[in-house]
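Participant: Residue numbers (this note's numbering), protein chains in the order written: chain A, 2 to 396; chain B, 90 to 336; chain C, 1381 to 1684.
Treat the hints loosely; a few may be bogus.
Capping the alpha-carbon separation at 30 Å, the derived lysine-lysine pairs in DSS-like fashion look like this [stated by the list, open to error]:
1. C/K1483 - A/K222
2. A/K235 - B/K322
3. C/K1582 - A/K353
4. B/K154 - A/K146
5. A/K235 - B/K154
By construction, these hints were calculated from the structure, which means they are not laboratory data. Model, not experiment: these values are computed from the prediction.
Here is what each chain is made of, one letter per residue.
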Amino acid sequence: MNTIKTWIHQHQLGGLLALALLILVILPAGLDIFRLNLFGKYLTYGFVSIGLVMLWGHSGILSLGQGVFFGLGGYCMAMFLKLEASDPISTRIQSTPGIPDFMDWNQLTALPLWWQPFHSLTFTLLAVVLVPTLLAFCISFAMFKRRVSGVYFAIITQAVALILSVLIIGQQGVTGGVNGITDLKTLLGWDIRSNSARYILYFANAGLLLACIWGCMWIQKTKLGTLLLAMRDKEDRVQFSGYDVANFKVFAFCLAAALSGIGGAMFTLQVGFMSPSFVGIIPSIEMVIFAAVGGRLSLVGAVVGTLLVNLGRSYFSESFPDLWLFLMAALFIGVVMAFPNGLAGLLDSHIKPWLARRAASRQTPVAATGDPVVPASITPTQDLPLPTTIQAQPE
Amino acid sequence: MSNTDFVLAIEDLTVSFDGFKAIDTLNLYIDREELRVIIGPNGAGKTTLLDLICGKTRASGGSIKFKNTEITRMAEHKIVRAGVGRKFQTPSIYENLSVFKNLEVSFPQGRSVFGALRFKTSTEVIARIHAVAEEIGLEALLHTEAGLLSHGQKQWLEIGMLLMQEPELLMLDEPIAGMSARERELTAELLQRICRKRSMIVIEHDMEFVRRIAHKVTVMHQGKILAEGSMDKVQNDAKVIDVYLGH
Amino acid sequence: MSFSDILNIGLMQGFAGLSLFAVLLLMGLGLAIIFGQMGVINMAHGEFMTIGAYTVYLFSWLADNRFPRFSQTYFLVAIVAAFVIAFAVGWLVEWALIRHLYKRPLDTLLATWGLSLGMQQVFRSTFGPKEVSPTLPDWLMGSWAPHEGLDIPINGLFVLALTLVITAALLLAMYKSRWGLRVRATVANRIMANASGIDTRKTDRLTFAIGCGVAGVAGAAFTTIGSTGPTSGSLYIVDSFLVVTFGGAAHLLGTVVSAFGIAQTQSISEFFLTGSMAKVLTLLLIVFFLMIRPQGLFASKVRR
C-alpha cells in the first residue's frame, strides 16, 4: 500500500487520480444523463485548456486563437457526420439529394471537392488532429523563425481567429454559415443522440482527456519539458546553448493545436453540432480564462477551472445574465492581478501549507500525551498529502 | 584570406546602427589555446563584438571565420554547435531548476525537438555533470535550486553550463563583476585550468585580474583596435594611456 | 457605363475608404502611442471609442430635449467632452489596473479584455442593448457634388478633417511639447529617463490617458458614419491592432500610412467582393505581410 502511495507521490499523480475519480466516478454517479452530457461538453474545452497550460503556462507563448483549432477539429468531425446524415434517401425532398441540406438551400448542385474525403472515417479522424496541427505549423513556423513572440504573436493568432470565423460565416454555401453544421445524427449508423451513446461518448471523452493529461505530464518530465520551461524564462541562454528555439516553440504551438482539435471533435460528437460561435475571438479568449482560473501551470487545475467557469456561466447566464458579464470581467482582472497561478496556485501557496500546519499541530498533542494505542511511528509515514486532506475535512 | 591555423579569424568586421559604427573594420585573430582579454572604455564595442561572433547581432560587412569556416551568417544555434560558447554579462541561468538540471539541459545531446523527447540521463551524462560540477566547485550543491546560489556561484554555474558543451572557443563577458576577492581568486584559477583545452576571449575591467590571466591583451576604442600585445606592452602604449587617462 | 461613371464610382468608393481610414487612424494612433510608450496592449481601447460615441449621443439627447438652441452647435462641444471623459476614465484605469502590470504584457492583454467586457455591460445597462444614433446638426447632413454623378457626403468630409487635425496635433505634441520629449526619452531608455529627472510613471499615466482620449474622439467621429451599440468599439479592435503592427509599432507615421492602406484595401475590395470576403482578404494580406516582415512597414534599427 505504502509503495503505491509513494509511487503516486513521486510521479505527482495525486491530482490526476483525484480528477479521474471526479469525472469517471462521482459525476456519472451523481448526475442524470442530461447534466452529464453538459459536463461532457465542458470537458471538451478541457482539451483546449491543457493545450494552453503546455503552451502558455509552460512555454510562455500566449495564443488568443485556440478556438480556431477547436473549431477545425470540430468541423472535420461535423463534416463526416453531416455527410452520413445526408444520404440520398433522407434528403430525397431536396432539389439535389445526397448533399448536405444547407448546400441545397444555397443552390449548390454538387458536393465541393474538398468535402469528398470526409466520406471516410479514417480520413476524418486523421484530419481532426492533422488539419489543426498543419495550420498551427504554418502560422507558428513563419512567425517564430522570424522571432515574433509575446504580444505580437498573440495578436496574430487573434487575427487568424477573426479571419476564420468571418470566412465560415461568409461562405455559408459550403460551411453552413452562422448556424454551423447541425442535425448530426449517427456515427457509422450508431445513433449518437441516444442515452446509451451519450454515456459511452462521455466516458470515451473523459478517458481521452485523462490520457492526454498523462501524456502532457510525461512531456513535462522529459528534457523537452525542461527546455520549454527554460526557454520561457531565459530564451537567450537556451538559444546560445545550441538549441533552435523556434522549433521548440513550433512544437508547443502544434501540440496545443492538436489537443484543441481533439477537443473540438469530441464536442461535435457529444453536442451534435458545430458552429462558428466556437471559432472567433470571444470564444478563443474565453478558453484562455478557463485555463487561467484553474492555473496556467497545472494541467489538472486547468481542467477543474474549465469545469468551474462553465458551471458558473450556465448558472449565472440563466439566472442573472447581466451579472455574468461583470463576473467574467472580474474573473479576467482578478485572476491576473490577484492570483496569476489560478486555483492550483492558491492550493500550493495557501491551502497545502495550512493543512500541513493543522496536521502538525494535531500530531504534537498526540505525541505529547504519549497515547499508547496509536504507535506514533506509523502516523507520519501514513500522512502523505492525499490522506491529510481527507482527515482535515470533518472538522 | 585562405586557411589559417587560427581558431578565430575576424577581418574587416563592421556593424552600424543607423549610421553609428559600433564596430569599424576590425581585425582580430585568436590562436588555439590562447586566453585573450579584451579591455577598453565603456562603449568601445566589446560586448557588441561578442554579440557579432555568436550571431546575436548581424554584421554589416566583413567576415568572421571559426576554424576556417565562415560563421558570419550562420544561425545562432549552429554557431554554438560548431563550438563557440558565450557567457552573458549578468548570470543567465535557469533559476527555477536545480544545479544538476541546469548542467543536464546544457549537455549537447537531444538538441532537436524529438531528440529532447527521447533524451535519457545516461551514466555518461551523470558522470560528465559531476566532473563539470567539481571543476566549478559546485559539486556539493548539485541539488540546490540555482536561484538560491550566491552571485559568484551563479557565474560559475553558467561557465559550467558552457563547459558541458566542450566548446573550442569560450567567450566570457565580465565574469568577475560583483565577485568578492576570494571568488575572483578562484575564478582566475578556474579560467587558467579550462583554457588548457580551448581558446578563450574574456572581457574584463579589473586590471589586476587581467594581468593574472591574459596571454595577450587587446585594447578596443570606438569600435576599433587601439593596441594589442602583452599586458606590459599595452599598459605603456601612449595611445592607450591617452584613452584611459586623457581628455 | 461611361468612363466618367466608373471614375465617379471609384472616387466615391475611395471616399468611403477614407471614412474607415479616419476611424482606424484615430483608434490606431491612440493604441500606437500607448504601445510604443509602455509596451502595453489595451484590449479595452475599443470601449474608450464607445465612450466617446455615447458622449456625443448624450449631448445630442440633451440638445434635443433640454436645450434646443444648441442643436446646431452641441456637436463641437461633444467632441471635446468625448476626449475629456475618455481621458479621465483612461487616467483612472491606468492608476487602478495598468500600472500594476507593466512587467507582464501578456497578462495586461487579459486584464484589459476583462475590463472591456465589464465596460460593455455597463454600456448595455445604461443605454440599453439597442444601437443609438445622435441627431446630427443640419450642417453635417447632405453631400457635396463638385461634379455631376459624384456625391461626397459632408459628414465624411468632416470626419476626415477632424482626423487630420487630431493627427497633426498629436504629431506636433509628440515632437514639440515637453510631454512628447518625455515620452520619446522614456521609449528610448526608461532607466536613463528616470535618472534624468523624468517622472516616467506620471508620463505613463498621461500617455495612456491621452491615447484613450484620442479613442474617445474616434468614437465621436464614428457617430457621424454609424450607429453606436455596446459592442461597437470591439468590432474595430483587431483591425486597430493590425494597423499598429502593420505600420511598425510605435511609429506614428507608419500608423498613418498603414491605416490608409488597410482602409483602402478593404473598401476597394468591397467593390469586387462581398463585405465579409473583403475583410478576409484584407486581414489575410496583413497577416501574410507580417509573417514575411514582422517589424511592419516602418521600423528603426536599434542596437539591442
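Participant: Check the structure against each numbered hint from earlier and tell me which ones fail, lowest number first.
Facilitator: Violated hints (numbers, rising): 2 and 3; every other hint is consistent with the structure.
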